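Undergrad: Chains as they are written, first to last, in our numbering: chain A, 89 to 325; chain B, 89 to 325.
Quick caveat, the hints were computed from the structure, so don't treat them as lab data.
Where hints are given, some of them may not hold.
Taking CB as the label site, the calculated pair distances span [stated by the list, open to error]: (1) B:G212 - A:E287: 19 to 29 Å; (2) A:T146 - B:W270: 56 to 66 Å; (3) A:T109 - B:G212: 46 to 56 Å; (4) B:V144 - A:A165: 35 to 45 Å; (5) A:G158 - B:D181: 38 to 48 Å; (6) A:G113 - B:T271: 48 to 58 Å; (7) B:E287 - A:G324: 24 to 34 Å; (8) A:T248 - B:E287: 43 to 53 Å.
A few chain B residues that face chain A, going by a derived Cβ cut-off under 10 Å, partial list only [to be verified]: (9) E166; (10) A224; (11) A226.
The structure displayed is predicted, hence computed values, not measured ones.
Each residue gets a CB set at the ideal place from its N, CA and C atoms; glycine is no exception.
2 protein chains.
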Amino acid sequence: MSTRTGPAGGHRVLVPALSATMTLGPREVRHLHVLRVQVGDMLRVFDGQGHEALAVVTVLDDTRAELALGSTLVGVAETPHPLTLAAALLKGDKLAEVVRAATELGVARVQLLITARADVREIGAQKLQRLSRIAAEAAKQSRRAVVPLVMEPIPLHALTWEGQLYVAQPGAATRIVDALDWTAPVTILTGPEGGLTDEEVAGLTARGAQAVTLGPRILRAETAPVALLGAIAALGR
Amino acid sequence: MSTRTGPAGGHRVLVPALSATMTLGPREVRHLHVLRVQVGDMLRVFDGQGHEALAVVTVLDDTRAELALGSTLVGVAETPHPLTLAAALLKGDKLAEVVRAATELGVARVQLLITARADVREIGAQKLQRLSRIAAEAAKQSRRAVVPLVMEPIPLHALTWEGQLYVAQPGAATRIVDALDWTAPVTILTGPEGGLTDEEVAGLTARGAQAVTLGPRILRAETAPVALLGAIAALGR
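Start from the sequences, fold in the hints, and give me the full structure.
TA: The structure is reproduced here in structure tokens:
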């Protein structure tokens, strides 16, 4: 469904901050060479915090690139309030796929969770960094101005949220389409491979969370977040 | 979100047809041994055509197993009319992930498509068989009584459909939640990595298809079908 070629300034570059002159690091410089960018070309720069602008390449050699700031872009494709995915830890490389798809689908944060039935109870610093890198790549590819934060795991009971939390739960009667409220931040929560326990779900609903359906079939833990975020995106946000 | 342990007869076995006595092949027999199934245990058998029943193991040795048919199960988790995913061919192993998730999300058929911007224009017989095997596995794991058919690629213009076809299209204004009609079969169509061409979309809508949104962001070709099928599942079917 995607297209990588865009309007003028189609290539997007992540910078630490939008400023009059921006110097790029070696990784981004290599990327510009791969894209056959030349001095004078227009790019898009974004800071990962929701700011995006046009920029012109003023210097480009083997190891160094400088950009001059152009006009600021507004109306980028962000949700009305921040969208958080609170996802139980998963085995293997499944979290990478979830983070990638969740970024395309508009999340601002991924909060990893330790739950009762988790196969995995911790995640190494390197793996967490890799997930952040994947979020940054996916943000760039889907032309988002926000790079989602991937936050280290906390126990489910320590999770707090602003606005409304929706928990995907087999057998729930409520539909996200009827319950979704964009007047405040939104958090969706999905469980581990073995599912959340009844006690975990009861604890969340006692704190105001709403259980929502994902249909009558059993979904894998890595399919549920994409399906639920897809349902939210299909509502137009 | 899933749980593999179920009620009595939780293990599910695919059989060619439901009959009074059913003999299993070596692959299923090995599987029963892995699951530590014993003579006298209750299983669930399904034929991949929507029929499912309980069965008792009457014979089980190293290479052979026989089951005796018990009561038929009804009310399995199928959509009101058949749901078809018409998906453009994708590179590498991406189709496998799409078929797996689409099966969990309730599709009855996956029709592969050759489109203008496809990176891939054909698929080997072996790869097609592998996709069918993945559909069968995923059907079993998500306790579906229907194994989706994976159908060899046809050119987009040769695609026909019953009922309504919804095509995921960046920039579309219509939401699937407002357009979805379950009084007849439903087909959803997603494009290749480079997207469908304007001509392809125009050709589909001229034939009655409806373009639907998946939100304001650009999705990868392998995320779009899961997101759109997730949106349909989140509507409760």
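Undergrad: Hint by hint, note whether the structure agrees.
TA: A quick look at each hint next to the structure:
no., hint, result
1, B:G212 - A:E287: 19 to 29 Å, "49 Å, violated"
2, A:T146 - B:W270: 56 to 66 Å, "57 Å, holds"
3, A:T109 - B:G212: 46 to 56 Å, "52 Å, holds"
4, B:V144 - A:A165: 35 to 45 Å, "56 Å, violated"
5, A:G158 - B:D181: 38 to 48 Å, "40 Å, holds"
6, A:G113 - B:T271: 48 to 58 Å, "57 Å, holds"
7, B:E287 - A:G324: 24 to 34 Å, "26 Å, holds"
8, A:T248 - B:E287: 43 to 53 Å, "50 Å, holds"
9, E166, "8 Å, holds"
10, A224, "15 Å, violated"
11, A226, "8 Å, holds"
Consistency with the previously given hints fails for numbers 1, 4 and 10, ordered from lowest to highest.
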